[in-house]
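Residue numbers (numbering that gives the first Met the number 0), protein chains in the order written: chain D, 0 to 302; chain E, 0 to 279.
Just so you know, the hints here were simulated from the structure itself, not pulled from any lab data. It should be emphasised that the depicted structure is a prediction, and the values quoted were computed from it without experimental measurement. Don't take every hint at face value.
[As the list claims (entries may be wrong)] Ranges between beta-carbon positions, derived for each pair:
#, chain 1, residue 1, chain 2, residue 2, range
1, E, V265, D, W101, 17 to 25 Å
2, D, K149, E, D44, 49 to 57 Å
3, D, F284, E, L56, 45 to 53 Å
4, D, S43, E, T138, 21 to 29 Å
5, E, A264, D, L195, 24 to 32 Å
6, D, N168, E, S67, 25 to 33 Å
7, D, L2, E, Y31, 26 to 34 Å
8, E, G110, D, N267, 45 to 53 Å
9, D, K264, E, T55, 32 to 40 Å
10, D, L211, E, K61, 53 to 61 Å
For glycine and all other residues, C-beta sits at the position ideal for the given N, C-alpha and C.
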Amino acid sequence: MALQDWKQHKRPFAAIASGPILWLLLFFLVPMTVVWLYSFGQNSGPAEISITGTLDNYKRATEWLYLSIFGKSLAVAALVTVICLVIGFPVAMAITFASEKWRPWLLVAIMLPFWTNLLIRTYALMMLMGSNGYANRGLGAMWDGASWLKTLVGLQPLEAWTPVQLLYNNFAVVLGLVYVHLPFMVLPLYSALDRLDKSLIEASLDLGAGHLRTLFKIVVPLAMPGIMAGVMITLIPALGAYLTPDLMGGTDSQMIANVIERQFKRANDWPFGAALSFLLIYAMFILVALQSMRGDKAKAGER
Amino acid sequence: MALFKRQPIAPLDYTRKLWMRGWVGATLLFLYAPLLVLMVFSFNDSKRNVVWKGFTLKYYEKAFANSSLVEAMVNSLTIALLATVISVVLGALAGVLLWRFRFPFKGAVEGVMSLPIIVPEICLGVAMLIFFAKIDWPTGLPWPLNLSAITIAHITFCFPFVAMVVRSRMASFNREQEEAAKDLGASEWETFRDILLPHMKPGLIAGALLAFTLSLDDFVITFFTSGPDTVTFPVKVYSMVRFSVTPEVNAASTILILLTIALTAVALKVQGVKGIAETH
Numbered sequence: 000m001a002l003q004d005w006k007q008h009k010r011p012f013a014a015i016a017s018g019p020i021l022w023l024l025l026f027f028l029v030p031m032t033v034v035w036l037y038s039f040g041q042n043s044g045p046a047e048i049s050i051t052g053t054l055d056n057y058k059r060a061t062e063w064l065y066l067s068i069f070g071k072s073l074a075v076a077a078l079v080t081v082i083c084l085v086i087g088f089p090v091a092m093a094i095t096f097a098s099e100k101w102r103p104w105l106l107v108a109i110m111l112p113f114w115t116n117l118l119i120r121t122y123a124l125m126m127l128m129g130s131n132g133y134a135n136r137g138l139g140a141m142w143d144g145a146s147w148l149k150t151l152v153g154l155q156p157l158e159a160w161t162p163v164q165l166l167y168n169n170f171a172v173v174l175g176l177v178y179v180h181l182p183f184m185v186l187p188l189y190s191a192l193d194r195l196d197k198s199l200i201e202a203s204l205d206l207g208a209g210h211l212r213t214l215f216k217i218v219v220p221l222a223m224p225g226i227m228a229g230v231m232i233t234l235i236p237a238l239g240a241y242l243t244p245d246l247m248g249g250t251d252s253q254m255i256a257n258v259i260e261r262q263f264k265r266a267n268d269w270p271f272g273a274a275l276s277f278l279l280i281y282a283m284f285i286l287v288a289l290q291s292m293r294g295d296k297a298k299a300g301e302r
Numbered sequence: 000m001a002l003f004k005r006q007p008i009a010p011l012d013y014t015r016k017l018w019m020r021g022w023v024g025a026t027l028l029f030l031y032a033p034l035l036v037l038m039v040f041s042f043n044d045s046k047r048n049v050v051w052k053g054f055t056l057k058y059y060e061k062a063f064a065n066s067s068l069v070e071a072m073v074n075s076l077t078i079a080l081l082a083t084v085i086s087v088v089l090g091a092l093a094g095v096l097l098w099r100f101r102f103p104f105k106g107a108v109e110g111v112m113s114l115p116i117i118v119p120e121i122c123l124g125v126a127m128l129i130f131f132a133k134i135d136w137p138t139g140l141p142w143p144l145n146l147s148a149i150t151i152a153h154i155t156f157c158f159p160f161v162a163m164v165v166r167s168r169m170a171s172f173n174r175e176q177e178e179a180a181k182d183l184g185a186s187e188w189e190t191f192r193d194i195l196l197p198h199m200k201p202g203l204i205a206g207a208l209l210a211f212t213l214s215l216d217d218f219v220i221t222f223f224t225s226g227p228d229t230v231t232f233p234v235k236v237y238s239m240v241r242f243s244v245t246p247e248v249n250a251a252s253t254i255l256i257l258l259t260i261a262l263t264a265v266a267l268k269v270q271g272v273k274g275i276a277e278t279h
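Start from the sequences and build out the full structure, keeping to the hints where you can.
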């Protein structure tokens, strides 16, 4: 595959390159640079920000309050990723080994929610989880069933079911994020498992390893690139999630994106918000760098 | 019923194991139950979303009579359409650029182009808010010019996705075809139009569908770039959900879900299921 040198094709190169590059420069790099500069500034008037080169915003970001929110966001995102992986892996396996006829439809079934509006999905889940929603009714029915079973064996019935608060707490945030991000995890897992040489699994089973041992010794190591891709594709948006914690969380389930939003829409402390934004971006960069380092190591190992 | 045909389960028939089926079924139930309940209850003749009281279309009538909701929907579709067209053009150019040329700082251009995909939505939203405030982007323009800020923001995060799809499509292009066309006297433009473009087409369609959905779906970035008179559908639904949950939201959401299903069906028809799986 011979790439053309731009010097020999200056005119087509200019025609092709100028549009996208100018757009990125003007409507991405310039705005990002302004945010970066603002993060070293301070409010000098009601609607004025002077860039003084101060590090106060970053100093403030290392206060315990903000550090703990950062830590919490990371913990929530990690938990969501692990849950998505545990739920998603068997699903991806099932799709991989499904019959030709079923596989495409299973894939579409996973992809359709992925294409559906995020806000609508969050709202639908909230409707189900409200104090009068079906989740509560289902739990209530199970509770009644348990109570009935107890009377059956001659014990005191349980006290009457009181609806539990499923929404507006940390549990709701984790569940909501899992709900939203599950398709993100399944698709890369599937594409990794699909490429896997199935005869290796057969060989392992033939040679006497059980299904579990084959899974952990053969399938998981071979699917590792896909697992890492799925982890990143889930972890990164979950870390920067705004909507789910905002709508489904309680007062104590704020994540870092909610704090950033508040600096801009309510607290009107743009420089501090800019500093927090860039800290979040740096965190993403670290995650991406770790991932690509892993990838390089894996490649080096193959050689 | 081939599904239930009694045949011994082969070692690799993981999908035919009962617990595996149960697991997939439960996952799909988890993914779809909320959406189905939402859709069913948009036809429910009751203000509360709990008990079925009978079939009605009155919330659809209400949703269509709610001029701000309709306006938000029209805004969203307009933005998505504009953003898709421009994103496809820019994305196709960017994809070809990276596929075709060797040039200085190529790595940097590639890296920057993938940034809008990696950078968290909230950070991009904040950047757009500051940017448009800083350059005093005119507000209060007549429709549809008042949507320009949101559209620009959407293009910024949509077109790198299109570029990615187009580039991976171009990888399967045989460069000799291009050389042959030029040898036979086609100009640069003619080669592009008659040789490259037809090969790129499936990628362009996939990219366009992706851009359209991404734009229609976006809440966070729009939330930061929209003014009081430029409300999009997700922003409108957000404020409705925040303040009071009404069945109108169910009705409007159902329409959007049906639109998504229709778009997916189009994508299926154009590319086949496999093609879609590959673009993600």
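Outcome of the hint check:
{"no.": "1", "hint": "E/V265 to D/W101: 17 to 25 Å", "verdict": "holds, 22 Å"}
{"no.": "2", "hint": "D/K149 to E/D44: 49 to 57 Å", "verdict": "violated, 38 Å"}
{"no.": "3", "hint": "D/F284 to E/L56: 45 to 53 Å", "verdict": "holds, 51 Å"}
{"no.": "4", "hint": "D/S43 to E/T138: 21 to 29 Å", "verdict": "holds, 24 Å"}
{"no.": "5", "hint": "E/A264 to D/L195: 24 to 32 Å", "verdict": "holds, 30 Å"}
{"no.": "6", "hint": "D/N168 to E/S67: 25 to 33 Å", "verdict": "holds, 32 Å"}
{"no.": "7", "hint": "D/L2 to E/Y31: 26 to 34 Å", "verdict": "violated, 46 Å"}
{"no.": "8", "hint": "E/G110 to D/N267: 45 to 53 Å", "verdict": "violated, 33 Å"}
{"no.": "9", "hint": "D/K264 to E/T55: 32 to 40 Å", "verdict": "holds, 37 Å"}
{"no.": "10", "hint": "D/L211 to E/K61: 53 to 61 Å", "verdict": "holds, 55 Å"}
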